[in-house]
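Can you make the complete structure from the sequences, with help from the hints?
Number of protein chains: 2
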Amino acid sequence: MALINRLNNMGTKRSSAFAARLSVEQVEEGQDFAPKFDVDGLIACVTTDADTSDVLMVGYMNAEALQRTIETGEAHYWSRSRQCLWLKGATSGLTQAVVELRIDDDQDAVWLRVNVAGSGASCHVGYRSCFYRSVPVGDTSGGPYALVYHEDSKTFDPIQVYGDAPNPTQL
Amino acid sequence: MALINRLNNMGTKRSSAFAARLSVEQVEEGQDFAPKFDVDGLIACVTTDADTSDVLMVGYMNAEALQRTIETGEAHYWSRSRQCLWLKGATSGLTQAVVELRIDDDQDAVWLRVNVAGSGASCHVGYRSCFYRSVPVGDTSGGPYALVYHEDSKTFDPIQVYGDAPNPTQL
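Chains A and B supply the protein sequences, listed in that same order. So the first sequence is numbered by numbering that gives the first Met the number 0: it starts at 0 and just counts up by one. So the second sequence is numbered by numbering that gives the first Met the number 0: it starts at 0 and just counts up by one.
It should be emphasised that the hints constitute simulated quantities derived from the structure, not laboratory data. Incorrect hints may have been included.
The list cannot tell twin chains apart, which means a pair is met if one copy fits it or any two copies do.
Here are the simulated EDC-like cross-link-like pairs (lysine to aspartate or glutamate), alpha carbons at most 20 Å apart as the crow flies [unchecked claim]: (1) K153 / E24; (2) K153 / E28; (3) K35 / D163; (4) K153 / D48; (5) K35 / E70.
Bear in mind that the values here come from a model prediction, so they are computed numbers and not experimental data.
Structure follows, in structure tokens:
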């Protein structure tokens with residue numbers, strides 16, 4: 000799977016768009032956009048709601064997804080479960096309009112601030128944020144830990160929206 | 000490197016703390032904390048400032064870092080550059096007190112909301128957030144792209160704080 004992903008990404012990478020990584024100083028202190036993709040050709044992406052600032056999801060982009068996001072202002076990712084370019088909201092209509100795209104110090108992580116269309120949800124399970132559960136902090140029992148819910152109800156019915164498409168969650 | 004990491008993590012993983020991943024329904028809709036670690040034994044972690052909601056950093060945790068974070072309420076990570084457990088702030092004093100720890104739908108990403116000690120900075124380059132630069136959205140030039148700075152000045156001098164310790168940024 001990783002090998003297929005790597006080959007796919009090599010095929011779609013448009014290397015001229017991004018600067019080569021030449022020095023730590025250039026990467027950390029310069030103005031060159033020189034993102035670092037991992038061995039599978041992917042970079043981690045945190046997406047937050049531009050209004051509430053809540054973290055909506057963590058996704059991954061290949062070079063093509065990153066460049067399309069920059070060019071169109073619509074969030075694109077690389078779907079690791081489906082192994083394809085993924086325009087967020089293509090099926091659900093819950094697209095993400097990018098207000099700001101930031102890059103971190105060593106340029107191996109992206110932060111998108113977005114406005115989500117429609118109901119504003121970004122989670123395939125139906126919740127607004129993928130992070131609808133918390134783990135109790137300060138629990139010294141050694142586990143197991145019981146999750147606590149922070150969203151009372153789903154914003155949509157996944158069966159109605161996605162039908163019988165394969166669930167992206169992998170065990 | 001990946002193999003060494005995997006072996007290290009196998010050695011330190013306390014498997015009884017976390018539930019086994021048995022079904023999609025259990026992982027997405029249940030109360031079992033069943034985090035998914037990748038092939039290197041790591042899980043991605045987004046850390047935000049509990050006051051400003053800004054994304055401060057993206058780090059990675061192995062099982063031990065995750066459990067220590069839960070137990071102590073102080074953010075621990077796995078340093079991929081140094082290949083060791085990393086109590087954030089151990090050198091700089093800029094520790095992160097965890098206000099909330101959330102897990103996402105398929106339980107392969109963690110979100111920490113933290114209060115940072117001292118100056119409130121979380122970036123080894125000296126800025127408050129690691130995400131101190133943005134990429135212009137809507138740029139259809141095809142690149143290269145010029146980064147824009149969003150923090151005017153550093154909160155500390157990295158040389159004074161870290162001395163001649165190796166820079167964690169990898170090219």
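Status of each hint after checking the structure:
Taking CA atoms no more than 20 Å apart as the test, K153 paired with E24 passes between copies only; the shortest distance there is 15 Å, against 46 Å inside one copy. Within a single copy, K153 and E28 get their C-alpha atoms only as close as 43 Å, which misses the 20 Å cut-off; across copies the closest is 11 Å, which meets it. In this homomeric assembly, K35 and D163 never come within 20 Å of each other (Cα to Cα): the closest approach is 36 Å inside a single copy and 24 Å across copies. In this homomeric assembly, K153 and D48 come within 20 Å of each other (Cα to Cα) only inside a single copy, at 17 Å, whereas the closest approach across copies is 27 Å.
With identical chains, the CA atoms of K35 and E70 are at most 20 Å apart within one copy only, with a shortest distance of 19 Å there and 33 Å across copies.
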